[in-house]
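Enquirer: Residues per chain are reported as follows:
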Amino acid sequence: MTGLVIIVFFLLIAALAPILGTNDPIAATVGAPFDVPAWSTIFPTYSKLPVDQHPINSTFATAADTGSWTWSGTINKSVEPIPTGGPIGYSTAVLVNSTVSPTANQTNDPFLPGGTAFFTMSRTFQFTGNAPATFQATAVLQPIEMQNVSTVYVKMMIIDPKGNNYSLSSTQLSALNFEIAIPSSGNGVWKEVVVSSGLLPLSGIPVYHNITNPPAVIFTQPGTYNFTMQIQGVVAPNATAPSINMRVAFVGLYLRGSAYGVLGTDNFGRDVWSQFVWGSQISLLIGVLSGIGAVALGAIVGIAGGYLGGNWDEIIGRITDFFLVLPFLPLLIIVVTLLVGNAALYRTIYVWVILIFVILSWPGIAKIIRAQVLSVKERAYVEASRALGSDTGHVLRKHILPNVMGLVYSQVALNVGGFILLEAALDFLAISVHGVRTITWGLMLTYSLPYAVHNPNLSYVWWWFLPPGIAIALLSLAFVLVGFALDSIFNPRLRQR
Amino acid sequence: MMGLRRYVARRIVYVAVLVLFIIAFNFFLFQILPFITSCPSGNTYNQCFENFYLPEVGASHNLNATLFLQNIRNHIAKDYGLNETMGVRFVLYFRNMLTFNFGYHINGGDGPVLATIQRAAPWTILLLGSSTIASFVVGIGLGVIAAAKRGKILDVSLLAVLLFVNSLPVFFLAALLQVGQFSISGVFYQPLGASIFLTTGLDYYSGIMQSLFLPFLALTLINVGSVFLTQRAVMLDVVAEDYILMARAKGLPERTVLFKHAFRNAVLPIFTAFALAIGFILSGAVITETVFGWPGLGRAIYLAVIDFDFPMEQAMFLVISLMVLLVVFIADITYGFLDPRVSTS
Numbered sequence: 001m002t003g004l005v006i007i008v009f010f011l012l013i014a015a016l017a018p019i020l021g022t023n024d025p026i027a028a029t030v031g032a033p034f035d036v037p038a039w040s041t042i043f044p045t046y047s048k049l050p051v052d053q054h055p056i057n058s059t060f061a062t063a064a065d066t067g068s069w070t071w072s073g074t075i076n077k078s079v080e081p082i083p084t085g086g087p088i089g090y091s092t093a094v095l096v097n098s099t100v101s102p103t104a105n106q107t108n109d110p111f112l113p114g115g116t117a118f119f120t121m122s123r124t125f126q127f128t129g130n131a132p133a134t135f136q137a138t139a140v141l142q143p144i145e146m147q148n149v150s151t152v153y154v155k156m157m158i159i160d161p162k163g164n165n166y167s168l169s170s171t172q173l174s175a176l177n178f179e180i181a182i183p184s185s186g187n188g189v190w191k192e193v194v195v196s197s198g199l200l201p202l203s204g205i206p207v208y209h210n211i212t213n214p215p216a217v218i219f220t221q222p223g224t225y226n227f228t229m230q231i232q233g234v235v236a237p238n239a240t241a242p243s244i245n246m247r248v249a250f251v252g253l254y255l256r257g258s259a260y261g262v263l264g265t266d267n268f269g270r271d272v273w274s275q276f277v278w279g280s281q282i283s284l285l286i287g288v289l290s291g292i293g294a295v296a297l298g299a300i301v302g303i304a305g306g307y308l309g310g311n312w313d314e315i316i317g318r319i320t321d322f323f324l325v326l327p328f329l330p331l332l333i334i335v336v337t338l339l340v341g342n343a344a345l346y347r348t349i350y351v352w353v354i355l356i357f358v359i360l361s362w363p364g365i366a367k368i369i370r371a372q373v374l375s376v377k378e379r380a381y382v383e384a385s386r387a388l389g390s391d392t393g394h395v396l397r398k399h400i401l402p403n404v405m406g407l408v409y410s411q412v413a414l415n416v417g418g419f420i421l422l423e424a425a426l427d428f429l430a431i432s433v434h435g436v437r438t439i440t441w442g443l444m445l446t447y448s449l450p451y452a453v454h455n456p457n458l459s460y461v462w463w464w465f466l467p468p469g470i471a472i473a474l475l476s477l478a479f480v481l482v483g484f485a486l487d488s489i490f491n492p493r494l495r496q497r
Numbered sequence: 498m499m500g501l502r503r504y505v506a507r508r509i510v511y512v513a514v515l516v517l518f519i520i521a522f523n524f525f526l527f528q529i530l531p532f533i534t535s536c537p538s539g540n541t542y543n544q545c546f547e548n549f550y551l552p553e554v555g556a557s558h559n560l561n562a563t564l565f566l567q568n569i570r571n572h573i574a575k576d577y578g579l580n581e582t583m584g585v586r587f588v589l590y591f592r593n594m595l596t597f598n599f600g601y602h603i604n605g606g607d608g609p610v611l612a613t614i615q616r617a618a619p620w621t622i623l624l625l626g627s628s629t630i631a632s633f634v635v636g637i638g639l640g641v642i643a644a645a646k647r648g649k650i651l652d653v654s655l656l657a658v659l660l661f662v663n664s665l666p667v668f669f670l671a672a673l674l675q676v677g678q679f680s681i682s683g684v685f686y687q688p689l690g691a692s693i694f695l696t697t698g699l700d701y702y703s704g705i706m707q708s709l710f711l712p713f714l715a716l717t718l719i720n721v722g723s724v725f726l727t728q729r730a731v732m733l734d735v736v737a738e739d740y741i742l743m744a745r746a747k748g749l750p751e752r753t754v755l756f757k758h759a760f761r762n763a764v765l766p767i768f769t770a771f772a773l774a775i776g777f778i779l780s781g782a783v784i785t786e787t788v789f790g791w792p793g794l795g796r797a798i799y800l801a802v803i804d805f806d807f808p809m810e811q812a813m814f815l816v817i818s819l820m821v822l823l824v825v826f827i828a829d830i831t832y833g834f835l836d837p838r839v840s841t842s
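Chains A and B are the protein sequences, given in the same order.
Following this note's numbering from start to finish, the first sequence increments by one per residue and tops out at 497.
Following this note's numbering from start to finish, the second sequence increments by one per residue and tops out at 842.
Next up, chain A with everything else stripped away, as it sits in the complex (with noise of 0.2 Å):
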């Protein structure tokens, strides 16, 4: 019984893989590095942990939202739906149209030498609590048609409560993160500006010489925050009234924290609930097909050599022979590290694996019950009913059988296990028959071990380490304990008791 709730359990998880994981499991990052998961925020060790934030989340869809931001700059600005077209998920935008004097003073900002402020918007939020691991700033602007502008830049800025401007945008990387292509006629192309603290590679991360953790230094206190994002363009030194166009459709600001989702973030801050999840399909489609494959196949060849014995036990029993003595993993090694080679035979490369996986195990399960039905058949109540005239079907169906089933449904139980394990350990070998963007719960003990062992100051990554290990066990478990209930209803010597 509890091996079925166990299995439903999983089966469930994996069918709704697609609802539940709504993260990208490898590709998108959610959170900083080794989040622990936002439960255990209840534990001591983990209580001063700071949690996400979102202070600006802006879409411009409501007039509050509008107007929560002060503008500066000469400006002309309205809400509007954004055209057919325009980013996904956004669906009004703030049109801007913005003007300087020819006259007006540079920014002197090394920023962008010789660069003038066209406009700003800026918000203030309210932070409490410990700084955040990492933090994140997106602008996703669309430019329009611009006049006697030659080079535009987006500026983002933090201002701390003490007064303090740091400056999130960074000459040190590519600039071209921050520059607005300026459209020959008509609406350009839409560009989202991000901005990254911290340790994930994404582009255009800005790099303080003398500062190794930006959150750090940045939020010290709670307070009143500034968040500010200035548009500079360089002006020709006599054009006539230069103006910039533009739709802002999206601002946010996002503060992570270190703890995060149902089951934290691995190493690159990738949600690990997400790749439990997807990483179960896997494990539980390959594990049951196998296991039902191999042991049917060995059920029928142990059955038939056992009873039929004699020459065709001998000619049954060297085929079963030779397959077993061949070395199981290094051939399973040896043929899957071929299969990753071959570009043609990776689309099947699931169908390879079972089908490997069978031809490698039906002839130990064959032999095992081949014993059994040798044992069984050599009783004196089988002699008795062949004596008494029964054919070949009788007493298989009312003797052989009887006593054999229960074996076999044990071996099925025992193997749909080991096939999951079997899988699991390929990926750990690295040689996973997996394409770039699977993730299995093999491969996350695979990336998750050298953290676990040599790292107490992450807590042994146990939230990324344990659960893919304890859910393989457990499902292996289950088919054992459904077995097991198999075995009781279908032996009935078994029941008695």
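Keep in mind that the hints were calculated from the coordinates and are not lab data.
A quick note: this is a predicted structure, and the numbers were derived from the prediction, not measured.
Backbone N, C-alpha and C define an ideal beta-carbon position, used for all residues, glycine too.
Distance ranges between label pairs, derived from CB positions:
#1 A:R379 - B:K747: 20 to 26 Å
#2 B:T753 - A:W312: 37 to 43 Å
#3 B:A521 - A:L355: 20 to 26 Å
#4 B:G608 - A:T438: 38 to 44 Å
Since chain A is already given, all that's left is putting chain B on it; use the hints.
Expert: For chain B alone, coordinates are given in the frame of chain A:
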């Protein structure tokens, strides 16, 4: 006894045939490999084969170096009969295999393959032998006890614990043990090479024991579960038989009933499992050895496959197959002694 002698004789012939089969299969497997791994069309078979098996001889501005490497390539080609027909190659291979002349490493190690195997084999036998015996002793004992007390707390809890541990992935359990060792003793696990480095005498053996303990524990824990399960299942089947009821009715002590009557009849499947387990000693524990850095055959195989070291792969394949075959053969013979019904069939 006539039946037994005939049985043994038949078995010997059969095993000899199988050995030849295995050797031939090994040959053909590695002959076909170059083709399975995308041999570019237009190459002749020999070219494919050469590119696959022989080390690269890149262009070098040093003429002597190039000639030297080319010389080596020619030498190897002659050794493996790469420029001959397949028939000649097969005869060469056959003669080599029978004399245990496995050739030299290509990529992975250094020197003759046979030396590597001889160096690594004792470590594997030590680790797997000890853990197989331990897991069987413990598993059989616990299995008999659990079968006797079926349904009671002891049985259920043994089942739950052992099965759960059995289902853990080996490397997961290995990591847990390492973490456990670190958090208990504050010392990281030391792989074998490090723990016996420059030690002699008692230090040497204690170093081996130190490094052996965790892998031994991991393997034993993993394997006890299945032994226990099989033994228990078979015992349950036997214990339900009438002659057990009779023995109990006669008033025999429970221990006699269990071990003298029930166990003897339950021994066949468990014996099969044990024979197979011993046979798989040499082929098993690839993962365990890799995780713990244990320098045995399992890790050697893994490195050979990763490095595409074909002479080593070929040799290991053969050695393991023959080992398993030998053990299966011995198991079958002893079968005949243990179960009189079998040999008279």
